[in-house]
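A.B. asks: Throw the hints in and build the complete structure from the sequences for me.
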Amino acid sequence: MNEKIKKMTLHGGPCDGDEIEIHEDNLKILPRISTKGRDAEEVVYALDNEGKFVWLPYPDDPKVQRGFFVCDDDGNVLSEEKSVEDALRKLEDMDDDAP
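Residue numbers (the numbering used here): 1 to 99.
Derived DSS-like pairs: lysine-lysine, alpha-carbon spacing no greater than 30 Å straight-line:
#1 K36 with K7
#2 K82 with K36
#3 K52 with K63
#4 K28 with K6
#5 K6 with K82
#6 K28 with K90
#7 K7 with K63
#8 K28 with K7
#9 K36 with K52
#10 K28 with K82
#11 K6 with K36
#12 K4 with K36
#13 K52 with K6
#14 K28 with K4
#15 K63 with K90
#16 K28 with K63
#17 K4 with K52
#18 K52 with K82
#19 K28 with K52
#20 K52 with K7
#21 K63 with K6
#22 K63 with K36
#23 K82 with K63
Label pairs and their computed distance ranges (CB to CB):
#24 G51 with P14: 18 to 24 Å
#25 V77 with T35: 21 to 27 Å
#26 K6 with P57: 20 to 26 Å
#27 D86 with K63: 17 to 23 Å
#28 C71 with K6: 18 to 24 Å
#29 K90 with E3: 30 to 36 Å
Think of the hints as simulated: they come from the structure by calculation, not from any bench.
Where a beta carbon is used, it is the ideal one built from N, C-alpha and C, also for glycine.
C.D. replies: See below:
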């Protein structure tokens with residue numbers, strides 16, 4: 001296995017104890033992952049401040065709501081937007097500014 005790929009355990013919720021693989025660079029932005037539960041329902045986990053992926057039973061709750069990162073072609077984060085629409089608008093603006 002690539003040394004930059006980390007195995008992480010999911011904590012809580014329908015997928016408690018399951019393992020995922022994630023590139024260590026992705027851990028820097030406190031990511032969220034979506035997966036399917038045992039009954040094919042969407043289940044969301046987020047990396048917490050202690051470095052564990054914890055279940056978010058209500059991912060749209062304002063207490064845990066996150067923005068959307070806009071990145072360049074090299075994966076560098078350029079901005080964080082509040083909605084998908086704002087992120088898409090930012091990408092369109094960047095495309096308009098390109099030579």
